[in-house]
Amino acid sequence: MPRAPVFWWNEPGLVAHLLAPAAALYGAIAGARLKRPGFRAPVPVLCVGDPTLGGGGKTPAVIALAEILSAVGEIPHILSRGYGGRTPGPVLVDPARTDARAVGDEPLLLAHAAPTWVARDRVAAAKSAAARGASALLLDDGFQNPSLAKDLSLLVLDGETGIGNARVFPAGPLRAPLMAQLARAQAVIRIGQGRAGEAVVAAAKAHRLPVLAARLVPDSAIARSLSGTRLLAFAGIARPEKFFATLRAIGAEVVERRAFPDHHTYTAIEAQALLADARVKNLRLATTEKDRARMQGDPALAELAAAAVAVPVKLEFEDRAAVQALVAGALASARGRSAAAL
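The sequence shown maps to residues 1 to 342 in our numbering.
FYI, nobody ran anything at the bench for these hints, they're computed from the structure.
If you're wondering where the values come from, they're calculated on a predicted model, not measured in any experiment.
Glycine residues also receive a C-beta, built at the ideal position from the N, C-alpha and C atoms.
Hints may contain errors.
[What the hints assert, rightly or not] Straight-line alpha carbon distances no greater than 25 Å define the calculated DMTMM-like cross-link-like pairs of lysine to aspartate or glutamate that follow:
hint: 1; residue 1: Lys242; residue 2: Glu253
hint: 2; residue 1: Lys127; residue 2: Asp94
hint: 3; residue 1: Lys242; residue 2: Glu256
hint: 4; residue 1: Lys314; residue 2: Glu289
hint: 5; residue 1: Lys242; residue 2: Glu160
hint: 6; residue 1: Lys281; residue 2: Glu256
hint: 7; residue 1: Lys314; residue 2: Glu67
hint: 8; residue 1: Lys242; residue 2: Glu289
hint: 9; residue 1: Lys314; residue 2: Glu160
hint: 10; residue 1: Lys205; residue 2: Glu316
hint: 11; residue 1: Lys242; residue 2: Asp277
hint: 12; residue 1: Lys127; residue 2: Asp99
hint: 13; residue 1: Lys314; residue 2: Asp219
hint: 14; residue 1: Lys242; residue 2: Asp219
[Stated by the list, open to error] Each pair of labels, with its calculated beta carbon distance range:
hint: 15; residue 1: Ala131; residue 2: Arg33; range: 24 to 30 Å
hint: 16; residue 1: Ala24; residue 2: Glu303; range: 24 to 30 Å
hint: 17; residue 1: Arg195; residue 2: Glu318; range: 15 to 21 Å
hint: 18; residue 1: Ala203; residue 2: Asn10; range: 18 to 24 Å
hint: 19; residue 1: His112; residue 2: Val72; range: 17 to 23 Å
hint: 20; residue 1: Ala22; residue 2: Ala325; range: 37 to 43 Å
hint: 21; residue 1: Arg33; residue 2: Leu216; range: 16 to 22 Å
Work out the full structure, taking the sequences as your base and the hints as a guide.
Here it is as structure tokens:
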């Protein structure tokens, strides 16, 4: 996926204004699509979406919700489109036997939290998961996709960047008009603080949506090991700067930075260049879990994967009990509706 244009995250300028007609058309189509009815799965469906085109923190939010569902006795299965992978699915991900080229990078991480299905057809994936014993389905993305009816839809917001210039694609990063998205959500997960996110928080509260505060916490053992270490940090995610800032926050010295496009597939030449730069400058290599997942299974990247320290991050809710209550309520409502339909 190409890197997002800089003007998306600034005040609307000439380019955004020139793209306004295209954005209006795209927004109208996306807004209408949100209203379409979807297939009602045999088990409750929970969805974690991003109002913008990536970088909000969906993957750690899905993992956190999978842990909450498991803690209350549910058997969650995660559904992913498998962006960047070639497998049409539905297929149950086995991290030990597949790689990101087949299923995408995010499903490889999600599969460690709960059984994870990759499929371009979400309805087919839902049926497969239910047939294999899922008591609840958790969608990684798919908020703007109407094919499956959702019983609980949560929008993830990066508190620091918010929704950029608040324009719809291609004039800005929004996947659909913000108000149309908030109208289909039941809560907003705000990750971190920042003025940029306050407007969205205010809009969510105006819609009487709960705002669930959360933060991303790096793995404590790895954070301690990197504190004071001189690093060459590289990342192919939606917002590489977010990763570099995390490294600085744990006390690492980020001497060199290499930013690649989101879901970037590294080449052998790039891998050797990173290794050579680190050796010449006596730096330790550090990257994200998603980046390391994309290296798995490729012999040309094995040396880089072994040399680079991956820094896992975990999403922690400020009020976990409130999130658990929201999830429990959604599950009960969904099951009550199913029972009434029999």
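Results of checking the hints against the structure:
{"no.": "1", "hint": "Lys242 with Glu253", "result": "holds (15 Å)"}
{"no.": "2", "hint": "Lys127 with Asp94", "result": "holds (19 Å)"}
{"no.": "3", "hint": "Lys242 with Glu256", "result": "holds (15 Å)"}
{"no.": "4", "hint": "Lys314 with Glu289", "result": "holds (11 Å)"}
{"no.": "5", "hint": "Lys242 with Glu160", "result": "holds (10 Å)"}
{"no.": "6", "hint": "Lys281 with Glu256", "result": "holds (9 Å)"}
{"no.": "7", "hint": "Lys314 with Glu67", "result": "holds (11 Å)"}
{"no.": "8", "hint": "Lys242 with Glu289", "result": "holds (14 Å)"}
{"no.": "9", "hint": "Lys314 with Glu160", "result": "holds (17 Å)"}
{"no.": "10", "hint": "Lys205 with Glu316", "result": "holds (21 Å)"}
{"no.": "11", "hint": "Lys242 with Asp277", "result": "holds (22 Å)"}
{"no.": "12", "hint": "Lys127 with Asp99", "result": "holds (24 Å)"}
{"no.": "13", "hint": "Lys314 with Asp219", "result": "holds (7 Å)"}
{"no.": "14", "hint": "Lys242 with Asp219", "result": "holds (16 Å)"}
{"no.": "15", "hint": "Ala131 with Arg33: 24 to 30 Å", "result": "holds (28 Å)"}
{"no.": "16", "hint": "Ala24 with Glu303: 24 to 30 Å", "result": "violated (49 Å)"}
{"no.": "17", "hint": "Arg195 with Glu318: 15 to 21 Å", "result": "holds (19 Å)"}
{"no.": "18", "hint": "Ala203 with Asn10: 18 to 24 Å", "result": "holds (20 Å)"}
{"no.": "19", "hint": "His112 with Val72: 17 to 23 Å", "result": "holds (20 Å)"}
{"no.": "20", "hint": "Ala22 with Ala325: 37 to 43 Å", "result": "holds (42 Å)"}
{"no.": "21", "hint": "Arg33 with Leu216: 16 to 22 Å", "result": "violated (30 Å)"}
Checked against the numbered hints given earlier, this structure breaks hints 16, 21; the rest are met.
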